[in-house]
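Each residue of the sequence shown is one higher than the one before, starting from 1 at the first, in the numbering used here.
Hints are computed from structural coordinates only; laboratory data are not their basis. All figures in this text were calculated on a predicted structure; none of them were measured in a lab. It cannot be assumed that every hint is accurate.
[Claimed, not checked] Straight-line C-alpha distance at most 20 Å; calculated DMTMM-like pairs for lysine to aspartate or glutamate:
no.	residue 1	residue 2
1	K160	D211
2	K284	E295
3	K267	E295
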Amino acid sequence: MWYNMHMRNYRLLVAATLFLAILCGAPADSMPTSRTRYATDAYPGFDREENIVLPGKKEPRWFHFWNGPKYDTPEEEFAYAESCRADGWWRAARRAYDALVREWPTSPEAPKAQLALADLYLGHYQEYENAFEEYRYLLDYYSSACDYDAIARRLYEVAKMMREEGKTIIFFRFANTVDVRRAFEAVVFRAPGASYAPEAMLTVAELREEDGEYEKAVTVYENLRNLHAGTSEADDALYREGKARMIVLREHEYNRQRCQDTIDYLKMAMGGNVGGQARRDEMKAWLDEAQALVEEEAFAAAKFYDSRTRTKRSAINAYERFLKEYPASVHANEALSRLAELKSEEK
Numbered sequence: 001m002w003y004n005m006h007m008r009n010y011r012l013l014v015a016a017t018l019f020l021a022i023l024c025g026a027p028a029d030s031m032p033t034s035r036t037r038y039a040t041d042a043y044p045g046f047d048r049e050e051n052i053v054l055p056g057k058k059e060p061r062w063f064h065f066w067n068g069p070k071y072d073t074p075e076e077e078f079a080y081a082e083s084c085r086a087d088g089w090w091r092a093a094r095r096a097y098d099a100l101v102r103e104w105p106t107s108p109e110a111p112k113a114q115l116a117l118a119d120l121y122l123g124h125y126q127e128y129e130n131a132f133e134e135y136r137y138l139l140d141y142y143s144s145a146c147d148y149d150a151i152a153r154r155l156y157e158v159a160k161m162m163r164e165e166g167k168t169i170i171f172f173r174f175a176n177t178v179d180v181r182r183a184f185e186a187v188v189f190r191a192p193g194a195s196y197a198p199e200a201m202l203t204v205a206e207l208r209e210e211d212g213e214y215e216k217a218v219t220v221y222e223n224l225r226n227l228h229a230g231t232s233e234a235d236d237a238l239y240r241e242g243k244a245r246m247i248v249l250r251e252h253e254y255n256r257q258r259c260q261d262t263i264d265y266l267k268m269a270m271g272g273n274v275g276g277q278a279r280r281d282e283m284k285a286w287l288d289e290a291q292a293l294v295e296e297e298a299f300a301a302a303k304f305y306d307s308r309t310r311t312k313r314s315a316i317n318a319y320e321r322f323l324k325e326y327p328a329s330v331h332a333n334e335a336l337s338r339l340a341e342l343k344s345e346e347k
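With these hints in hand, go ahead and build the complete structure from the sequences.
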């Protein structure tokens, strides 16, 4: 009962503090509110963050007498946490930093404690996923109270560490591509104009491919080329998108529109900087393969009309249409020979 009364009084105090801050003209992003500096751009191929379960605003924990702060003011609690870290009492420092943020979220010490907590997870514990969550919380809730660009850059570096290290479960490491991909996506959402944003998007597409989601990878590559045209990552995406498109083409049943879209894309991409002659030659081979699929389907359609159930005139029209569209096809000679036979029979 005592705890419930304490929590109710705490929430009333926080609400009153925020209301007074607004009346006094405090800037909105100086208070701990989520998603203060998110990008508004659409990112096809990314998971929408509103569809992902994200940590909410920190609040005092249950068993407050055990998990709460040791001192009565945020200044004293921060000094205590700093002394614990200096003396190597890592667990006590971690709990003190976290308790401060939860108990006094609007205090000047809160963003400093949140940064120290994230640094602790990164530097001492080397728990990259936890470090990522704490840095992201700092950006989301204290965007104007921290060096936003520096922390966003650190968030990106931690995302790369997550990809390199994987996830440990009972002493075994796993690639954990979904969480890692979402980490890179979170970086792009929070720093869409950063110099490393194109590289982060390229990584997102690669991770989509690692999970076999080639169509989503194609949309990421396409968006990367549109948003960051002229970068080396956009040039690389030209080739990678073509490769992903060919995988989709081979793995699915024949679809004329998909084939034609792939052909059109490869013709366009080969006019750009795809990264050397070897890649260009490979893309030319893909183009020939895609065009052969279309020609094969077209020749099969022409032969469909060359049957006992169809008139000779319909078969003649079909072969003539095929030869007009694909005069250099490997089936051109066969079509010409059969066309001559049908015309002779018709006479």
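Quick rundown of the hints versus the structure:
1. Taken as a hint, the K160 and D211 pair is honoured in the structure, with Cα atoms around 18 Å apart against an allowance of 20 Å.
2. Of the pairs offered as hints, the one joining K284 and E295 holds, with about 16 Å between alpha carbons and a cut-off of 20 Å not exceeded.
3. This hinted pair checks out: K267 and E295 have alpha carbons roughly 17 Å apart, not beyond 20 Å.
Going through the hint list in order, the structure satisfies each hint without exception.
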